[in-house]
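Asker: Please build the complete structure, drawing on both the sequences and the hints.
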Amino acid sequence: ETIRVGFIPVGDCLQLYVAEEMGYFAEEGITVEKTPLKGGSLIAMAVEAGELDAGWSNTVSLVMAEDREFDFAILAPGAFETESHREHSLLVAKGSTITRFTDLKGKTVAINALGNINEIAITALAEENGMDSSTIKLVEVPFPQMLGALESGAVDAVLTLEPFVTLGKSSGARILEPAALKSYGDRFLIAAWFAKRTWMQEHPVIAEGFRRAVLKASEFIETNPAKAREMLTRHTKLSLELAQSITLPYFAQSIEDSDIQRIIDLTAKFSFIKKPFSAKRLLETSTQ
Amino acid sequence: MFSIRSMQIAFIKNNRTSFIMEDVNFDVPQGHFLSIVGPSGCGKTSLLRCMAGLDQPSSGSIRFNNTQITSPSQGVTMVFQDYGNSLFPWKTVLGNVLFGMNRSTATKQQKIATAMGHLASVGLASHSRHHPWELSGGMQQRLAIARALASGAECLLMDEPFASLDAQTRADLEDLLLRIWADGERTVVFVTHDVDEAIYLSDSILVLGGSPTTVQRTVENTLARPRHQLETRANPLFSDLRTTIHGLLVSGTSQCA
Amino acid sequence: MFSIRSMQIAFIKNNRTSFIMEDVNFDVPQGHFLSIVGPSGCGKTSLLRCMAGLDQPSSGSIRFNNTQITSPSQGVTMVFQDYGNSLFPWKTVLGNVLFGMNRSTATKQQKIATAMGHLASVGLASHSRHHPWELSGGMQQRLAIARALASGAECLLMDEPFASLDAQTRADLEDLLLRIWADGERTVVFVTHDVDEAIYLSDSILVLGGSPTTVQRTVENTLARPRHQLETRANPLFSDLRTTIHGLLVSGTSQCA
Amino acid sequence: MRRADMRRINWHGIMFCVAIAAAWELLSTLQIVSPRLFPPLSLILSHLIDLTVSGTLPQVLAQTLLRMLAGLIAASVVMVPLGIWAGRSQRLWLLISPTVESLRSLPPALVILPAMLLLGIGNSMKIFAVFFAAAFPLLLNTMDGVRAIPLMFIDTARTLRTGNRTMLFEVVVPAAAPGIFSGLKSAVPIAFIVAILAEMIGGTDGIGHFLMKSQRSFDIPQMYAATFATAVGGGVLAVILNCVESACLVWYSGWKRFSGRDCPPFPATNHRNTTKDRS
Amino acid sequence: MRMSLSPRCGGYAFAAMLILVWWAGTASNVLARGQIPSPGDVLLALTDDPRLFINAIFKTVRQTMIAFAIGAAAGLTLGLCHGVFPTLRNTTGPCIEGLRPLPSIALIPIAIVFVGMGDSLNVTIAAFACAWPIFINTHDGVKGINPLLFDTAFTIGITRRRLFQSVILQAALPMAMTGLRIGLGIAFAVEVSVEMVIPKTGIGALATTAALSGHNALLYATIAAAAMTGLMLNQAFRWTEFALLRNYGPQWSKRT
Ligand SMILES: Nc1ncnc2c1ncn2[C@@H]1O[C@H](COP(=O)(O)OP(=O)(O)OP(=O)(O)O)[C@@H](O)[C@H]1O
Ligand SMILES: Nc1ncnc2c1ncn2[C@@H]1O[C@H](COP(=O)(O)OP(=O)(O)OP(=O)(O)O)[C@@H](O)[C@H]1O
Ligand SMILES: [Mg+2]
Ligand SMILES: [Mg+2]
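Chains as they are written, first to last, in our numbering: chain A, 1 to 288; chain B, 289 to 545; chain C, 546 to 802; chain D, 803 to 1081; chain E, 1082 to 1337.
Accuracy of the hints is not assured; some may be wrong.
[Stated by the list, open to error] Sample of chain D residues at the chain C side, in silico, Cβ under 8 Å:
{"id": "1", "residue": "GLN861"}
{"id": "2", "residue": "LEU962"}
{"id": "3", "residue": "GLY965"}
{"id": "4", "residue": "TRP1053"}
[Claimed, not checked] Derived Cβ-Cβ restraints for the label pairs, each shown as a range:
{"id": "5", "chain 1": "D", "residue 1": "LEU1043", "chain 2": "B", "residue 2": "SER349", "range": "37 to 45 Å"}
{"id": "6", "chain 1": "E", "residue 1": "GLY1121", "chain 2": "D", "residue 2": "LEU953", "range": "31 to 39 Å"}
{"id": "7", "chain 1": "D", "residue 1": "LEU953", "chain 2": "C", "residue 2": "ARG648", "range": "44 to 52 Å"}
{"id": "8", "chain 1": "A", "residue 1": "GLU284", "chain 2": "D", "residue 2": "LEU828", "range": "16 to 24 Å"}
{"id": "9", "chain 1": "A", "residue 1": "LYS107", "chain 2": "E", "residue 2": "GLY1121", "range": "55 to 63 Å"}
Bear in mind the hints are in silico, worked out from the structure with no lab data behind them. In this text, all values refer to a predicted model and were calculated from it rather than measured experimentally. Ideal Cβ placement from N, Cα and C applies to all residues, glycine included.
Answerer: Structure representation (C-alpha cells):
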C-alpha cells in the first residue's frame, strides 16, 4: 500500500525522514511516496485534487481551509512549539537600537507570508503590548532572503525560523524577546500531517499505519535527538554542524484541543476566518 | 485561350481611386505568341498579374479556356519583372528549377536530367549548385526563365524577361524561346520594351497607351517563320512594323501627357 | 579620377576559389563618361561594387582621386541593378530622393524643391507621395536614378539603370543624363547591355570578356557632342563603333565558352 | 479600410470564447473535476465583477502594470540600442554573447534572490526582475531583426554616403522595426508574468500578491478571478501593442502588398481584392 | 572561424571580468556582507559533490528538451496556422491572447488538477511558457514572407501541401529560429522555476533545498550551474541553427 505525501524539505518535517530511515513505514506495511513542495497552500491543493493522499501544513492554513469548507482533518500530529523548543524568533540586526517589542512601532518587519500564521502572531503580540498593530509595517520576504534583507537594512526586524535563527545569531543578529509566536500559548501545534476525511474513511488501515509510524518517529526524535539531527543532514542541505545546533520543534505524541483552539480564536478575531469553531472539528476524522 | 473583355484596373490610394487601365479588350488564341509593348507604368505588369490570376481586375472579365480566372490556374506560369525576388533564396539553382517542375510525374532522375537540360540551355549548367544570391542579375533572370520553361505550362506570361541580358545572350534566348514555343504548341504573352524584340518574336503585338491606358491597336505580324536573327530583322516588313509601332507608342504617350 | 590596376575578383565557394575577373586595368579620368559592356555574369556588377567601395577586390588596387578605396567614399554614388530592393519601402518617393540628399546643407524647403525637380525630370512628380511599392518596375528604376542624381555626387556608377524602361522614356533619360553630366562636370561609369546606348552616351567604352573576365579593349568614342538621338545614331561612325564592339563581344564570349 | 476592419465584430472569436466558457461550466458543475479547485465559471465571474466594482482588482492590476511598464521601458531603452549595435557588429556580439547567453537562461525566480540582496525588497528589485526577463527577448529579436535587413538597403545607404545618425534612424531602425516589434510582442507578456512573479515571491501589493494571498487563504474563486484579470490585462496590452505596431508599420503591410491582411493567400481564399478594389 | 577566435576569447574574458568584479565585491564586503558567497566558496560547493550537479543538470536538461519539443511543436504549428488561415486566427485569437500573459507559476495549482504532480507537470508548464515566443516569431515570419514568392509558387501551380512545405515553412524559418532560440531559454528557465516550487529533482530542487537550509554557497553554485547549462543548451542550438540557415544568404550564413 502506498501513500503519497507532500512535505516541505525543511527540518520541521523531520518525522517523515526518521520514519523512513528507521523503517517505521515498512513496519506498518506501507510505502511512502514523498513529494517535496515549496508552499503549504500548494500541498493543500494537491491533496484536494487527489494528487496527494496526505500532506504537511501549518495549522492556520488548516483552519482557513476548514473555514472554506475544505474536507481536511489532521491525520497525525506534527511540529509543536514550546518555550524550550522555540523555533520561530524575531531577529534584529547587529547593533540595532530595537530592544523591546514596542520599539517596533513604525518599523518594517519581514514575515514570510502575509495573511497567515506569522501575521496573526505579530498582530496579536502588538495588541498584547498595547500597540496599534497597523503601526508595524509588515512586508513579505521568503525565509531564505530574510537575513540578507535584515543585513542590508531593507527591514528592521525579521520573523524567521530555524535554521535561519541560528545562522542569524552566528552572524551577529539578536533575538528580540518575547517569543514571536507567544500569543498562541505555551504549547501549540505549528503544523501537522493532514488528509481528506473521505480518504481517511476509505483507507483506514493506511491512515492508521501512517499515524503510528509518524508517532514512533516522534518518540525516536525525542529520545535520540543526536541521531535524528544526523538524519536531517541527509534529507536537507543543512550542514552537520548547523543541524546539531539548531532548535528543533517539539514532536508530541498527541494533540490536545488547547494546542489548536487559541490559534483558531486568534484567526477568527483578526477576521482571517468568518467565525471561530471548535478545535475538535480539525481532529475529527469522519465527515459529519 | 485568353479572352479579355472591358477590363478595368484601378488602385485605391487615400480613398481616391486612380484608374490605371480602362476598357481593355483582346484575345490570345491557343498557340499564339503575343507581345505587349507600352510606356513605363502603363499597367503591363498589372495586366499580366490579372491574367495569371494573381490579382483581380476591378471590373470586366478575363477568361482562360472559357472559364473566368479567379485564382492562378494550372497551365499558366509567369516570369516576373522583379526576377530577383521571385527566386527562392534557400534553394539552389537546380532546386529552383526542380521546384518549377513539381507538377511533373517523372522520376526524380528524369526530372533532374530535364532541369539540367533547361539550365544548360540558358547557360547556367555550371552554376546548378549555387544559390540564387550568388548569381549576377542576368543569371538570376535566366534562372527564372529556365524555371518557367521547365514547368511545362502550356501558357507562359513573361514580364520583360530579357531586360538584364546582353545582346548575345538575349538573341540566344529569343531563339530558344521560339524553338520551345514552336515545339510544344505553347501560348506566350510577352511584355517587352524592345520593339524589335517584340516584332522578332511574336504573331501579333498589342500596343498599350493613353491615360488611363487602353489598347492602342493590335498589330498583326505576318513575318514568316522560322525567323532568323539577321534575315528577319533585315526584312523590309520588319522596319515597317517597327515604324508603325513606334508611331503608335508616340501617339499613345502624347495622348497620355 | 579612378585608376584600377591589376585588379582581381574571386569568390570562395565550398573552399574552392573561383576567379571572376583577373588583371583588370583601366582609368576613368575626371569628367569622363565611361560605358562598360560585357556578357551577362562577367562581373560588371562586382566591378562597380568594388569601385563604389562596397566590396574589396581580392587583389590589385582601385584608387579614387589617388587614394585607395576601402569604403564608400564621398562623391561616389551608385544606381543598383537590383533597383527594386534598393528603395526604402518605408519612405515615400519624395522621402527616398530626400534621403539621397542627406549630406546636403540646404534648408528643408530648398531640398524639397530640388528633389521635386529631379522627380519631375524623370516623370515621377505626380507620384511623389506614393510609396515605392506602389510604382511599376520602370518607375522604381527612374526613382533610383532620380535619387542618385539628387545626391549631387561628382561620380555616378550606374548599373543597367535603363533596363526596365520603354524606348521613349529611355531616350528621354539618356538625354537627361547627358545634360546633367555636361552641366556638372560629373564622372559617369555606366554599365549597359545595349551597345547602341553605350555608344550614344559615352566618351569611351570598356569591353569586358573572357574567362576569367579581363578588359578586351577600351574603345574610344569620338562622336561629336552634344549628341542627338537621331542624328548621332545615323552617323556612320556610330555603326562602325557598333560593329567593332559587337565583334569584340563575340570574340570575348567565344573565348569564354 | 483598416478602420472598417477594426469595427467589424469578430463573431468567430466570440463564439469560440463562449464555447470554451460553456465547456468550463459543465466540467465544474458536473463535478468532473473538483469544483473546489475548479469552480464554475459563473462563480468566478461573479467574484470578478464584485472585485472589479469594489475597485480592488483595478487597483492591484494598475500597481502591477506600472511596475511592468517601468521594467519594460528600462529594458527597451537599454536592449534595443544594444541589440541594434550587436546586430551590426559581430565583434560586439562575440564580446557579450557568453555573458548574455548564460544569463538569459537563468530563471527570473533565481535572479530575484541576488537581486533582493543588492536592491532590497522594494520596487527596485521587482522592476529589475522585469527588466532582466524582458531584456533578452528584446535583445535577441532586435539583433536578428537587424541582421535580417536586406543587405541592399545598407549598401544603398552607404553609397549615398549616409552619416551614422541617418543610417541608424532612417535605415536600420525602420528596416529592423518588424523584428523589434516581434521582440516587444514576446517581451511584454514575459515582463507582465515576471512582474506578477516578483510580487508573488515577496510583495505587499499588486496582482501577484493578491493571487498569492487568495491561494494561501484558499479563496479559490478569487484566485481564478485574479488570474482572469491578468488574462484581461495581458490581452489589453497585446491589443494596444498590435495597434501601435500596425500604426508604425503601415509601410510594411503595404510593402507586403496585402494591406489590411497579413496572411499569405491560398489559391482558394479570395485575397486578391485587397489591393485592387472594385470601384 | 580563425578570424573570429580573438573576439570570442574577448567574450569569455569579459565574462571572467564580471566574475572578478563579483569576487572583489565579496572580498571587500561591499556585496551584502556575507549573504553573497565569494566565487571561491561557490567553486568549492560546485566541486564538492559534482555528481549531485551532474544528475540535477541531466534531469533538468532532459525535461527541458521534452518541454521544448512540445512547446516548439505547438508554437510552430499555431504560428504557421495563424499565419496561413485568417479564419482560424480570428476564431482562436482572442482566447489565445488571454492565455498568453498567464504567469506559469500561478498556473501550477490549476495544472496540478489536470496533469498531476509528476514530471508531466513541469513539462506542461515549461512547454506552455516556451510556446509563446515561438508562436509570435513564427507568425511574424509567415507574415513577413515576400509575397512575390507566393505569386511565384502559385504561377508554378504547386499544391497547397507543397506550398506549405516548400515555401511557407522554409521562408519563415529564419524568424522561427529566433523564436526557437528565445523559447529554448524560456523552457529551461520555467523548468527550473517549477522545480523550485516542487523541488523533487533537478537544478531548481537543488536551489530550493539549499535556500531553505540556508546553504548560500550551494545556492549560488546552483545558479552558476544553471547559467552554464543555459550556455551549453544555447551553443548546441546555435550549431543547429547555423546548419539550417546557411543556405539563406550572406546575412544568415555569416553567423557564428
Ligand atoms: N556572393 C557571390 N558568391 C559567389 N559568386 C558570386 C557572388 N556574387 C556574384 N558571383 C559570381 O560572380 C560573377 C559575376 O557577377 P556579377 O554580378 O558581377 O555579373 P554582371 O557582370 O553584373 O552580370 P549581369 O550582367 O548578369 O548583371 C557571376 O558569375 C556570379 O556567379
Ligand atoms: N500597389 C499599388 N498601389 C497603387 N498603385 C499601384 C500599385 N501597383 C502599381 N500601381 C500603379 O499602377 C500603374 C501600373 O503599374 P504596372 O506595374 O502595371 O506598370 P508597367 O506597365 O508594368 O510598368 P513598367 O514597364 O515600368 O514595369 C503605375 O502607375 C503604378 O503607379
Ligand atoms: Mg512592369
Ligand atoms: Mg550585374
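Asker: Hint by hint, note whether the structure agrees.
Answerer: Verification of the hints:
no.	hint	in the structure
1	GLN861	violated (41 Å)
2	LEU962	holds (5 Å)
3	GLY965	holds (7 Å)
4	TRP1053	holds (4 Å)
5	LEU1043(D) with SER349(B): 37 to 45 Å	holds (43 Å)
6	GLY1121(E) with LEU953(D): 31 to 39 Å	violated (48 Å)
7	LEU953(D) with ARG648(C): 44 to 52 Å	violated (22 Å)
8	GLU284(A) with LEU828(D): 16 to 24 Å	violated (34 Å)
9	LYS107(A) with GLY1121(E): 55 to 63 Å	violated (36 Å)
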